[in-house]
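Whenever a hint applies, use it, and build me the whole structure from the sequences.
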Amino acid sequence: MAEIKVDCRGQNCPVPLVETRKALKKAAPGDVVEVTGDHPASRKEIPMAVKALGLELLEVEGEEGGEWRIRIKR
Amino acid sequence: MANQDKEMKEEGADKVTIIVHSGDLDKIYSALIIANGALAMGMEATFFFTFWGLQRLKKGGLEKGPLSKMNMLGLGRWMVLRRMRAAKVASLEKLLSDFKELDGKIIACEMTMEVMGIRKEDLRVDLIDEYGAVGTYVQEARGSAINLFI
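Chains as they are written, first to last, in this note's numbering: chain A, 1 to 74; chain B, 1 to 150.
Note that these hints are calculated values from the structure, not bench results.
Even glycine gets a Cβ: it sits at the ideal position worked out from N, Cα and C.
Treat the hints with caution; some may be incorrect.
Stated by the list, open to error - Below, in silico cross-link-like pairs of lysine to aspartate or glutamate (DMTMM-like), each with a Cα-Cα straight-line distance of 20 angstroms or less:
no., chain 1, residue 1, chain 2, residue 2
1, B, Lys88, A, Asp38
2, B, Lys15, B, Glu130
3, A, Lys51, B, Glu93
4, A, Lys22, B, Glu93
5, A, Lys22, B, Asp14
To be verified - Quick look at which bits of chain A chain B covers, simulated, 3 or more residues with Cβ under 8 angstroms:
no., segment
6, 7 to 13
7, 18 to 31
8, 49 to 62
Unchecked claim - Here are the simulated distance ranges between beta carbons:
no., chain 1, residue 1, chain 2, residue 2, range
9, B, Arg85, A, Val60, 23 to 33 angstroms
10, A, Gly62, B, Arg85, 24 to 34 angstroms
11, B, Val134, A, Lys44, 33 to 43 angstroms
Below, the structure is given as structure tokens:
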């Protein structure tokens, strides 16, 4: 079970969403993908994508409007 | 790996199909952002490149389009690109490479190639999955939840 880190700080739409998907695609089942970023919309849209992909959202950390960290189980 | 991808995809088996008719810089951005968003959210995505849009698939042509409004002989375009860079908006090349990495499909319009005298060797054939006409588009579109003409 690997932990994959994706740093999307400073990136704009749609890069955080796309980088998350690319990391999940490369991950093996059971791996954890951790995405860090500060693009406001992605904070709520990455969890939407996780749900649509049928994966498990482990944690969303950080205040709205600031830096956030999202953990997803593949 | 391929099986896992298939499993993930089947969760949301729906698809977005976009006719890329315009070759304008801002509209190519719209098409790629929507398609990449759809791919990221587990949908499939297909582009049908036709007319002015197909010009952007020529070698070295992707970033060459004018702005759809207020191009002002390229001045508006230059200003918008500068502001996009300041806002850290990804380049069209990066968006297109992500589109292919997430298995997006590209169809090139054969009639446009004929009418505009574009040969296969003028195009970035490595990106193109299929060459076709309206029937190919309809087959893609009929199975798509989202259909857009840009």
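(message) So, against the hints stated earlier in the document, which numbers end up violated here?
(response) 3
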